[in-house]
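Protein chains in written order, with the numbering used here: chain A, 20 to 276; chain B, 20 to 276; chain C, 20 to 276; chain D, 20 to 276.
Please keep in mind that the hints were generated in silico from the structure rather than gathered at the bench. Take every hint as true, because none was put in to throw you off.
Stretch-level coverage of chain C by chain B, calculated; a stretch enters the list once three of its residues show a Cβ under 8 Å from a Cβ in chain B:
| no. | region |
| --- | --- |
| 1 | 87 to 97 |
| 2 | 106 to 114 |
| 3 | 252 to 263 |
Sample of chain D residues at the chain C side, in silico, Cβ under 10 Å:
| no. | residue |
| --- | --- |
| 4 | Q247 |
| 5 | Q252 |
| 6 | Y268 |
| 7 | D273 |
Examples of chain D residues lying across from chain C (beta carbon under 10 Å, computed):
| no. | residue |
| --- | --- |
| 8 | S24 |
| 9 | W25 |
| 10 | E46 |
| 11 | S81 |
| 12 | I82 |
| 13 | G85 |
| 14 | L112 |
| 15 | V241 |
| 16 | P271 |
Glycine included, C-beta positions come from ideal geometry on N, C-alpha and C.
4 protein chains.
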Amino acid sequence: MSDLSWKTSITKIGPNEVRLRGYRVDELMGQISFSQGIYLALMGDLPDDNVSKMIDAILVSSIDHGASPPSALAARTAASTGASLNGAVAAGLLSINRFHGGAIYDCMSILANGIERTVSSGTDMDDIAIQIVGEFKAEKKRIAGLGHRIHSADPRTLKLFSLSGKLDIANAGVNMIRALQSAVAANGKALPINVDGAIAAVLIDLEIPQELANAFFFMARVPGLVAQVYEEQTRERPMRRIHPTDHTYDGPSDRST
Amino acid sequence: MSDLSWKTSITKIGPNEVRLRGYRVDELMGQISFSQGIYLALMGDLPDDNVSKMIDAILVSSIDHGASPPSALAARTAASTGASLNGAVAAGLLSINRFHGGAIYDCMSILANGIERTVSSGTDMDDIAIQIVGEFKAEKKRIAGLGHRIHSADPRTLKLFSLSGKLDIANAGVNMIRALQSAVAANGKALPINVDGAIAAVLIDLEIPQELANAFFFMARVPGLVAQVYEEQTRERPMRRIHPTDHTYDGPSDRST
Amino acid sequence: MSDLSWKTSITKIGPNEVRLRGYRVDELMGQISFSQGIYLALMGDLPDDNVSKMIDAILVSSIDHGASPPSALAARTAASTGASLNGAVAAGLLSINRFHGGAIYDCMSILANGIERTVSSGTDMDDIAIQIVGEFKAEKKRIAGLGHRIHSADPRTLKLFSLSGKLDIANAGVNMIRALQSAVAANGKALPINVDGAIAAVLIDLEIPQELANAFFFMARVPGLVAQVYEEQTRERPMRRIHPTDHTYDGPSDRST
Amino acid sequence: MSDLSWKTSITKIGPNEVRLRGYRVDELMGQISFSQGIYLALMGDLPDDNVSKMIDAILVSSIDHGASPPSALAARTAASTGASLNGAVAAGLLSINRFHGGAIYDCMSILANGIERTVSSGTDMDDIAIQIVGEFKAEKKRIAGLGHRIHSADPRTLKLFSLSGKLDIANAGVNMIRALQSAVAANGKALPINVDGAIAAVLIDLEIPQELANAFFFMARVPGLVAQVYEEQTRERPMRRIHPTDHTYDGPSDRST
Numbered sequence: 020m021s022d023l024s025w026k027t028s029i030t031k032i033g034p035n036e037v038r039l040r041g042y043r044v045d046e047l048m049g050q051i052s053f054s055q056g057i058y059l060a061l062m063g064d065l066p067d068d069n070v071s072k073m074i075d076a077i078l079v080s081s082i083d084h085g086a087s088p089p090s091a092l093a094a095r096t097a098a099s100t101g102a103s104l105n106g107a108v109a110a111g112l113l114s115i116n117r118f119h120g121g122a123i124y125d126c127m128s129i130l131a132n133g134i135e136r137t138v139s140s141g142t143d144m145d146d147i148a149i150q151i152v153g154e155f156k157a158e159k160k161r162i163a164g165l166g167h168r169i170h171s172a173d174p175r176t177l178k179l180f181s182l183s184g185k186l187d188i189a190n191a192g193v194n195m196i197r198a199l200q201s202a203v204a205a206n207g208k209a210l211p212i213n214v215d216g217a218i219a220a221v222l223i224d225l226e227i228p229q230e231l232a233n234a235f236f237f238m239a240r241v242p243g244l245v246a247q248v249y250e251e252q253t254r255e256r257p258m259r260r261i262h263p264t265d266h267t268y269d270g271p272s273d274r275s276t
Numbered sequence: 020m021s022d023l024s025w026k027t028s029i030t031k032i033g034p035n036e037v038r039l040r041g042y043r044v045d046e047l048m049g050q051i052s053f054s055q056g057i058y059l060a061l062m063g064d065l066p067d068d069n070v071s072k073m074i075d076a077i078l079v080s081s082i083d084h085g086a087s088p089p090s091a092l093a094a095r096t097a098a099s100t101g102a103s104l105n106g107a108v109a110a111g112l113l114s115i116n117r118f119h120g121g122a123i124y125d126c127m128s129i130l131a132n133g134i135e136r137t138v139s140s141g142t143d144m145d146d147i148a149i150q151i152v153g154e155f156k157a158e159k160k161r162i163a164g165l166g167h168r169i170h171s172a173d174p175r176t177l178k179l180f181s182l183s184g185k186l187d188i189a190n191a192g193v194n195m196i197r198a199l200q201s202a203v204a205a206n207g208k209a210l211p212i213n214v215d216g217a218i219a220a221v222l223i224d225l226e227i228p229q230e231l232a233n234a235f236f237f238m239a240r241v242p243g244l245v246a247q248v249y250e251e252q253t254r255e256r257p258m259r260r261i262h263p264t265d266h267t268y269d270g271p272s273d274r275s276t
Numbered sequence: 020m021s022d023l024s025w026k027t028s029i030t031k032i033g034p035n036e037v038r039l040r041g042y043r044v045d046e047l048m049g050q051i052s053f054s055q056g057i058y059l060a061l062m063g064d065l066p067d068d069n070v071s072k073m074i075d076a077i078l079v080s081s082i083d084h085g086a087s088p089p090s091a092l093a094a095r096t097a098a099s100t101g102a103s104l105n106g107a108v109a110a111g112l113l114s115i116n117r118f119h120g121g122a123i124y125d126c127m128s129i130l131a132n133g134i135e136r137t138v139s140s141g142t143d144m145d146d147i148a149i150q151i152v153g154e155f156k157a158e159k160k161r162i163a164g165l166g167h168r169i170h171s172a173d174p175r176t177l178k179l180f181s182l183s184g185k186l187d188i189a190n191a192g193v194n195m196i197r198a199l200q201s202a203v204a205a206n207g208k209a210l211p212i213n214v215d216g217a218i219a220a221v222l223i224d225l226e227i228p229q230e231l232a233n234a235f236f237f238m239a240r241v242p243g244l245v246a247q248v249y250e251e252q253t254r255e256r257p258m259r260r261i262h263p264t265d266h267t268y269d270g271p272s273d274r275s276t
Numbered sequence: 020m021s022d023l024s025w026k027t028s029i030t031k032i033g034p035n036e037v038r039l040r041g042y043r044v045d046e047l048m049g050q051i052s053f054s055q056g057i058y059l060a061l062m063g064d065l066p067d068d069n070v071s072k073m074i075d076a077i078l079v080s081s082i083d084h085g086a087s088p089p090s091a092l093a094a095r096t097a098a099s100t101g102a103s104l105n106g107a108v109a110a111g112l113l114s115i116n117r118f119h120g121g122a123i124y125d126c127m128s129i130l131a132n133g134i135e136r137t138v139s140s141g142t143d144m145d146d147i148a149i150q151i152v153g154e155f156k157a158e159k160k161r162i163a164g165l166g167h168r169i170h171s172a173d174p175r176t177l178k179l180f181s182l183s184g185k186l187d188i189a190n191a192g193v194n195m196i197r198a199l200q201s202a203v204a205a206n207g208k209a210l211p212i213n214v215d216g217a218i219a220a221v222l223i224d225l226e227i228p229q230e231l232a233n234a235f236f237f238m239a240r241v242p243g244l245v246a247q248v249y250e251e252q253t254r255e256r257p258m259r260r261i262h263p264t265d266h267t268y269d270g271p272s273d274r275s276t
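Modelling step: build the complete structure from the supplied sequences, incorporating the hints.
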């Protein structure tokens, strides 16, 4: 043991044994889903069935959002110069920040603050929502999680909320963002809850630390970036000029499970 | 439409509709697992149940391997200087290359070559394996996928093979690597099939393109890197000297599902 | 022209003509140094001779600081897994943040604040320095730019200050950090001005925007990272365990120009 | 000393002393230019005056090439999402690969091969060039370093060659690429030597290892990327759609030193 000795509580490695948060990985394999493994790695314990389903839904919702998001464009741009798959995905990952994916984090701040004020003041949540909306209006700031440049009713939001209800997960987080949406609407502005806001609300109800908000987005998006990069590598010529919006879809026709 | 117009076959975005490979994402949410979503994004179609279970097992096997792998150390080193979560994970991702995770790709080359020679020559697979082992020996090259510096019988390999048998996925890939292991053993050298070799064999049997080999490793490892970075951020002081091996585990005790 | 049309004021490209901030690049080549070109690219105009010499001195001071800084370790760790040269350097660059290199930015904040208070209050700079040191002490915060874990009198600081005096660049920035050092010493704590603090002071006197502080460090360090990665690639075996401090120097003997 | 002890020959750090390749860094500051420091870090010795001037000219030639190169677009795309300066520059750096900047490396291979064949065969260099051009034609491969999509006579090439002549650096590298250009022209195709080819030729004559070719490009371009990112951060709104070519220059008017 040197004077640089340190401790970790994630994984224990021994000869012929790998234990993640105490569980033998080979025992987990075949028993748990990848989402459950992710939850175990991050939160330290296995999720119950309802939480597992919710985590799956969150991650599935964010795998890909087409070729226009900056993370897809940066990854394709790097790929186009001959980057390795991981190098190109890293360029995409470096493009997931405050203004792309980051609304989850910012919205969690607002929701946590609203919930805290509701609890500590004993006031009705709807009144707190009206106060918050007023405060943001006074400071001319937008409420993260509300509004979308393409979708007026984001289908992913509707599904996340319907699932979080059915799975008994919906709680103060979902209630708070709905109260905020209503307060904004009462001001004459009907804004949809976007997928970032919906994920923020559900992550609050799942008691996921806010510091991991961005990770829930980018863990989901990394496979999407792999798909974008792989398509770039196999379908396009190197060093092409990549137009950010002038692309059309020519994949499988509309279908249903 | 400008002269830079291009096409993509991954995701179609329209107002209030996001379709991944033809399926409405909100329909997929709640119905499919994250692994199935990953498979759909990369391969273009939904996997059947057995393939889904196999993909889950592969991804679960590789979520984390403790604090010593270079990807964990690079991510922690970046985090220790105050990097953002995605910046630190990107530093880790940039450390997943030929010599860390890359054995999957190299092993897939060897297996594909062996299978092709078996089929085209009509020779027995075991004889082809003996030939290949001879060729590698003559060139003093190691066979990727065999041998491990810690594990003499990697428990993750055993489980991957037992699952791939039960799920009716095991095929030429698994047979070929076993033939190679036997041929090496016949030369007096008992080497375990490591987890990279096992994943390579199963990816061959799942008909995953070799170009995605590295991605199957890093998509699984990104959540592990998030856990490593988050632990570094919450448990350690900035700018510490990070010893690559002198760390001990102090997480949950051994437990079973 | 599309509706996405935008403007840039850095470089103009035409057939057989490349102009950086208005100057033909081929005219600049052979006439100006790389440092002058960097200054031109960032600041929009060519520096005079004294400023050029100062920029050279700042950049030379930060090229490398051995194998222990996190940026060198992260870059070597990535290289050790088989990363490309730019991939490994990117991993290093991602490790230059608040706690490594970032003291320049933080120190510039303190110095700018001190100078502003001195000017606006008409008080003596030394009195303002005493106030600031008191405020930091009350909040138990360290003053960025003072103190070093290895050097008690950083030779690079001494040289930067002697040059900035000779070249007529030293001004409020250098005076302010010296006043802070004196105020700390008067409190019974003799701390050296470290190289980050010295660079911060000189950048203030050069009127470099604070937002570029980190860049002045990492533009200088990128070549050092290239040297570290190239040494790792040519001298070490892949996937070695890289000890953060247990290394010794075996390069050229001490020598003088 | 642990069993992980290792050696480095770049920088020696002691209390109040930092030595780069044997020289005290504080002695170098004020005496050498940044380019000379870069050469010292990479090559182990200080360059003479002519080599220093040549290195300056190479680095100045590549600082920036406008907003269209993939490295600039990837860096701006990351910046547009709120990336830190170093994170955005890292995304740009990850976009400097085989097809962007990489022609220097590929061209050095061709030149080194041609020179070696000239020397070993005792044949005239022009004849070897004709052979090589024939071989590339037969394999339908392009000769890296010849041709440009914008410039028919790259002004940077002309200046690099005129300087390398004046500074007594031009040698087999420059001769070989000129011989190749002539051989291509004799085939009826007048292609300019592009700046990558010119740099490749001069790096050969400077005896810079081919493995550092990409670094000479990206060390020069990092400051350009800083300028691009800083302009994006200070001039554009977040999350804009970045058109790869539809931008116009509005910086300083044409001017001369």
